Amino acid sequence: MIDWLHPGILLIAGALLIPLFKGRLKQIYLVALPSLALIVCILMSPGTYGAVKFLGYNLTFGRVDRLSLLFSYVFTIMGIIGIVYALHVKDDVQHIASMIYVGSALGVTFAGDLFVLFIFWEFMAFSATFLVWAKRSRESLESGFRYLLVHIFSGVCLLGGIIIHLSNTGSIAFTSMMPFEGGIAFYLILLSFIINAAVPPFGAWLPDAYPEATVTGAVFMTAFTTKSAVYVLIRAFPGTELLIWLGAIMAVYGVVYAVLENDGRRLLAYHIISQVGYMVAGVGIGTEMALNGSASHAFAHILYKGLLFMGAGAVLEMTGKRKLTELGGIYKTMPVTMVLYMIGGFSISAVPLFSGFVSKSMVVSAAGESHRIFPFLMLTLASAGTFLHTGLKLPYYMFFGKDSGIRTKEPPLNMLIAMGIASLLCIFIGIFPNSLYTYLPYPVNYAPYTAQHVMSTLGILGFTALGFFMLLKQLDPEPTISMDTDWFYRKGSRVFMWLANKPIATLEYRFVGEIYEFIIQKPVLKIAHYLRVFDTEAVDGTVNGIGKFTVLWSKAMRLIQSGQIQQYAVFMVFGVLVILALVLLL
Amino acid sequence: MNIFEKILEIPDNFKIAKKIFYICLILIALIEIAVVYLFHLGHGHFWFENLPAFGTTYGFISCILIIVVSKFLGKKWLMKKEDYYD
Numbered sequence: 001m002i003d004w005l006h007p008g009i010l011l012i013a014g015a016l017l018i019p020l021f022k023g024r025l026k027q028i029y030l031v032a033l034p035s036l037a038l039i040v041c042i043l044m045s046p047g048t049y050g051a052v053k054f055l056g057y058n059l060t061f062g063r064v065d066r067l068s069l070l071f072s073y074v075f076t077i078m079g080i081i082g083i084v085y086a087l088h089v090k091d092d093v094q095h096i097a098s099m100i101y102v103g104s105a106l107g108v109t110f111a112g113d114l115f116v117l118f119i120f121w122e123f124m125a126f127s128a129t130f131l132v133w134a135k136r137s138r139e140s141l142e143s144g145f146r147y148l149l150v151h152i153f154s155g156v157c158l159l160g161g162i163i164i165h166l167s168n169t170g171s172i173a174f175t176s177m178m179p180f181e182g183g184i185a186f187y188l189i190l191l192s193f194i195i196n197a198a199v200p201p202f203g204a205w206l207p208d209a210y211p212e213a214t215v216t217g218a219v220f221m222t223a224f225t226t227k228s229a230v231y232v233l234i235r236a237f238p239g240t241e242l243l244i245w246l247g248a249i250m251a252v253y254g255v256v257y258a259v260l261e262n263d264g265r266r267l268l269a270y271h272i273i274s275q276v277g278y279m280v281a282g283v284g285i286g287t288e289m290a291l292n293g294s295a296s297h298a299f300a301h302i303l304y305k306g307l308l309f310m311g312a313g314a315v316l317e318m319t320g321k322r323k324l325t326e327l328g329g330i331y332k333t334m335p336v337t338m339v340l341y342m343i344g345g346f347s348i349s350a351v352p353l354f355s356g357f358v359s360k361s362m363v364v365s366a367a368g369e370s371h372r373i374f375p376f377l378m379l380t381l382a383s384a385g386t387f388l389h390t391g392l393k394l395p396y397y398m399f400f401g402k403d404s405g406i407r408t409k410e411p412p413l414n415m416l417i418a419m420g421i422a423s424l425l426c427i428f429i430g431i432f433p434n435s436l437y438t439y440l441p442y443p444v445n446y447a448p449y450t451a452q453h454v455m456s457t458l459g460i461l462g463f464t465a466l467g468f469f470m471l472l473k474q475l476d477p478e479p480t481i482s483m484d485t486d487w488f489y490r491k492g493s494r495v496f497m498w499l500a501n502k503p504i505a506t507l508e509y510r511f512v513g514e515i516y517e518f519i520i521q522k523p524v525l526k527i528a529h530y531l532r533v534f535d536t537e538a539v540d541g542t543v544n545g546i547g548k549f550t551v552l553w554s555k556a557m558r559l560i561q562s563g564q565i566q567q568y569a570v571f572m573v574f575g576v577l578v579i580l581a582l583v584l585l586l
Numbered sequence: 001m002n003i004f005e006k007i008l009e010i011p012d013n014f015k016i017a018k019k020i021f022y023i024c025l026i027l028i029a030l031i032e033i034a035v036v037y038l039f040h041l042g043h044g045h046f047w048f049e050n051l052p053a054f055g056t057t058y059g060f061i062s063c064i065l066i067i068v069v070s071k072f073l074g075k076k077w078l079m080k081k082e083d084y085y086d
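These protein sequences, in sequence, are chains F and G.
Just so it is clear: in the first sequence, position 118 is 118 by our numbering, and no numbers are missing.
Just so it is clear: in the second sequence, position 56 is 56 by our numbering, and no numbers are missing.
If you're looking for bench data, these hints aren't it; they were derived computationally from the structure.
Check each hint, because a few of them may be wrong.
What the hints assert, rightly or not - Calculated lysine-lysine pairs in the BS3-like style (CA-CA distance at most 30 Å, straight line):
no., chain 1, residue 1, chain 2, residue 2
1, F, LYS491, G, LYS18
2, G, LYS6, F, LYS491
3, G, LYS80, F, LYS502
4, F, LYS332, G, LYS15
5, G, LYS19, F, LYS491
6, G, LYS18, F, LYS473
7, F, LYS409, G, LYS75
8, F, LYS473, G, LYS75
9, F, LYS409, F, LYS22
10, F, LYS548, G, LYS19
11, F, LYS473, G, LYS81
12, F, LYS409, F, LYS321
13, F, LYS473, F, LYS522
14, G, LYS15, F, LYS491
15, F, LYS135, G, LYS81
16, F, LYS473, G, LYS6
17, F, LYS491, G, LYS80
18, F, LYS473, G, LYS15
19, F, LYS402, G, LYS80
20, G, LYS19, F, LYS321
21, F, LYS409, F, LYS502
22, F, LYS473, F, LYS332
23, F, LYS409, F, LYS135
The structure displayed is predicted, hence computed values, not measured ones.
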């Protein structure tokens with residue numbers, strides 16, 4: 001009996017049927033799938049569903065409450081936008097992987113216990129890896145493997161934490177971990193979550209993998225892994241002091257790297273880290289307002305970051321160029337893409353009337369209300385940095401700037417439609433913040449549009465723009481890549497291979513081999529030599545000596561063995577006489 | 001020629017756009033001061049938020065700091081040739 005339909009399992013099962021459809025029908029099916037999941041989510045009412053007994057444990061596939069519903073709405077909406085953006089793609093692998101990816105993110109969202117969480121956690125990692133590999137280049141293959149290894153490590157930490165937690169408490173329920181603060185299970189599960197949230201120094205997988213994914217795959221990837229990590233952090237670790245600082249550092253960290261970055265989508269990837277920093281800091285502050293801020297910022301962020309990646313992806317799709325040093329002047333032929341991208345840029349920069357303004361400021365204000373001065377200043381500084389890069393630097397060098405001479409055209413209609421939907425939602429949330437606030441987990445007592453807030457935000461943004469134009473020459477992108485903590489495993493693996501090829505192999509051939517020759521081979525040969533000498537001189541000599549003696553003796557005997565009885569008799573008598581003489585004389 | 005080209009590519013229009021940009025900046029700074037000191041609508045969490053034109057000043061300083069410090073770190077340490085990992 002099915003009294004509850006799991007939207008995530010619906011998507012995962014539905015994804016497997018994608019190859020059965022052809023042409024227009026396939027496009028309809030692709031859009032219908034996440035739309036159906038969204039309807040299922042909207043019709044759901046809070047409660048506990050999908051409880052299954054398995055090996056004596058109570059698994060819960062459907063914990064439905066305000067928090068999980070909020071994330072399920074935005075995940076399915078982003079699933080629809082992402083698939084519309086990808087409708088022109090003729091690669092079933094990507095469609096299947098993206099739908100399984102969205103479905104497993106929903107699985108994480110509704111997971112009521114740690115086992116179910118773990119299963120969907122792993123599903124997400126594997127399906128996302130295929131979105132990287134689907135680009136089918138050497139770089140994406142390598143990057144995909146690195147992505148997979150990092151997320152397998154995260155999964156192993158999670159599983160280890162779950163098992164220790166289970167043996168300590170006897171429970172696999174996925175609830176707040178705060179009563180268990182300080183234990184090994186607490187830190188293992190926290191580590192797993194912050195790896196997926198791309199918290200430095202564990203965040204280098206994100207700017208490594210996302211720019212290597214396909215144009216459409218990257219749009220999906222921006223939405224689900226980090227934000228589902230934010231969701232589980234809100235569930236399990238609200239009020240963990242450490243997260244405030246990690247979040248504030250993250251926000252600034254992403255901004256610093258964005259200054260140096262030349263690859264458009266990698267710059268945007270660093271700004272995911274920066275933006276997720278606000279959410280992580282909100283979880284750390286842990287007040288109702290802060291958690292509302294984290295949840296609403298995740299909601300807004302998924303839409304505008306998807307929009308930004310769609311914009312940069314459209315430029316990549318049409319020009320084949322991803323480096324800012326090779327782009328410029330594209331606005332002449334792609335003005336619609338440029339405008340839609342700028343809506344995303346204004347949203348992430350928290351320009352008033354765009355979505356980021358009503359969500360990000362909740363976290364910053366929560367930091368202010370709890371009188372945390374340095375997180376407040378760091379998050380505000382990162383706001384300036386966000387506008388500097390996503391709203392100014394990237395569009396300047398991609399769409400305006402020095403004309404690269406590239407003349408192209410607007411991307412396919414489905415891409416523009418997807419970007420249009422995301423843009424409308426960004427503006428709608430910005431103008432009508434209560435449309436988002438009513439779905440937040442806690443009652444909202446916050447007004448974003450106060451005179452001081454609007455004016456100080458405009459001041460920050462306006463004078464960031466002034467600084468940008470003053471230091472424009474400093475910001476010219478350079479054809480370089482930036483070293484991040486992936487250095488440790490990228491160069492680390494190289495060091496490992498070098499160790500294997502050079503010192504270890506040399507040690508093996510030159511030293512171990514020499515020692516072997518010296519202490520084993522040479523003595524063995526020497527002993528063999530002695531044995532051979534002994535063999536030839538002694539053993540063979542004895543045998544030969546016996547032979548020679550026999551021959552000589554035979555020659556001597558031959559003289560007396562004449563065969564004449566008389567002679568024998570003479571000898572015998574002579575012998576007897578000799579014996580007698582001896583007896584008598586002695 | 002789309003509307004953005006008309007603004008950016010025709011020098012006279014570009015000059016006007018620049019002028020509008022600077023006027024907006026001055027207006028923002030003035031209104032930000034007026035909100036706190038003329039209309040008494042300041043309600044910041046920290047004392048420094050109610051300083052004259054805090055957002056304006058902090059935004060400008062942040063922008064310069066981010067560019068200078070990041071570029072310094074990049075040049076001295078983080079930026080590598082594109083074939084660094086090959």
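Hint check:
Taken as a hint, the F:LYS491 and G:LYS18 pair is broken in the structure, with Cα atoms around 47 Å apart against an allowance of 30 Å. For the hint linking G:LYS6 to F:LYS491, the alpha-carbon distance of about 49 Å lies beyond 30 Å, and the restraint is violated. Taken as a hint, the G:LYS80 and F:LYS502 pair is honoured in the structure, with Cα atoms around 25 Å apart against an allowance of 30 Å. Simply put, F:LYS332 and G:LYS15 have alpha-carbon atoms about 19 Å apart, close enough for the 30 Å limit, and the pair holds.
Note on G:LYS19 and F:LYS491: the hinted pairing is violated, with a Cα-Cα distance of about 50 Å set against a maximum of 30 Å. Restraint check for G:LYS18 and F:LYS473: the C-alpha separation of about 18 Å stays at or below 30 Å, so the hint holds. For the proposed pair F:LYS409 and G:LYS75, the alpha carbon gap of about 36 Å is over 30 Å, so the pair is violated. Note on F:LYS473 and G:LYS75: the hinted pairing holds, with a Cα-Cα distance of about 15 Å set against a maximum of 30 Å.
For the given pair, F:LYS409 sits about 28 Å from F:LYS22 by alpha-carbon distance, which is consistent with the 30 Å threshold. Restraint check: the Cα-Cα separation between F:LYS548 and G:LYS19 comes to about 125 Å, which exceeds 30 Å; the hinted pair is violated. Restraint check: the Cα-Cα separation between F:LYS473 and G:LYS81 comes to about 20 Å, which is no more than 30 Å; the hinted pair holds. For the hint linking F:LYS409 to F:LYS321, the alpha-carbon distance of about 14 Å falls within 30 Å, and the restraint holds.
Distance restraint check for F:LYS473 and F:LYS522: the Cα-Cα separation of roughly 71 Å exceeds the 30 Å cut-off, and the hinted pair is therefore not satisfied. With a C-alpha separation of about 50 Å, the suggested pairing of G:LYS15 with F:LYS491 is violated against the 30 Å cut-off. Using a Cα cut-off of 30 Å, the hinted pair F:LYS135 and G:LYS81 holds, with the two alpha carbons roughly 24 Å apart. For the given pair, F:LYS473 sits about 24 Å from G:LYS6 by alpha-carbon distance, which is consistent with the 30 Å threshold.
Taking the CA atoms of F:LYS491 and G:LYS80, the gap is about 13 Å. The hint holds against a cut of 30 Å. Restraint check for F:LYS473 and G:LYS15: the C-alpha separation of about 20 Å stays at or below 30 Å, so the hint holds. Simply put, F:LYS402 and G:LYS80 have alpha-carbon atoms about 24 Å apart, close enough for the 30 Å limit, and the pair holds. Under the criterion of a C-alpha separation no larger than 30 Å, the hint pairing G:LYS19 with F:LYS321 is inconsistent with the structure, at around 34 Å.
Of the supplied pair hints, the one linking F:LYS409 and F:LYS502 is violated, its CA atoms being roughly 52 Å apart against a limit of 30 Å. Restraint check: the Cα-Cα separation between F:LYS473 and F:LYS332 comes to about 23 Å, which is no more than 30 Å; the hinted pair holds. Restraint check: the Cα-Cα separation between F:LYS409 and F:LYS135 comes to about 23 Å, which is no more than 30 Å; the hinted pair holds.
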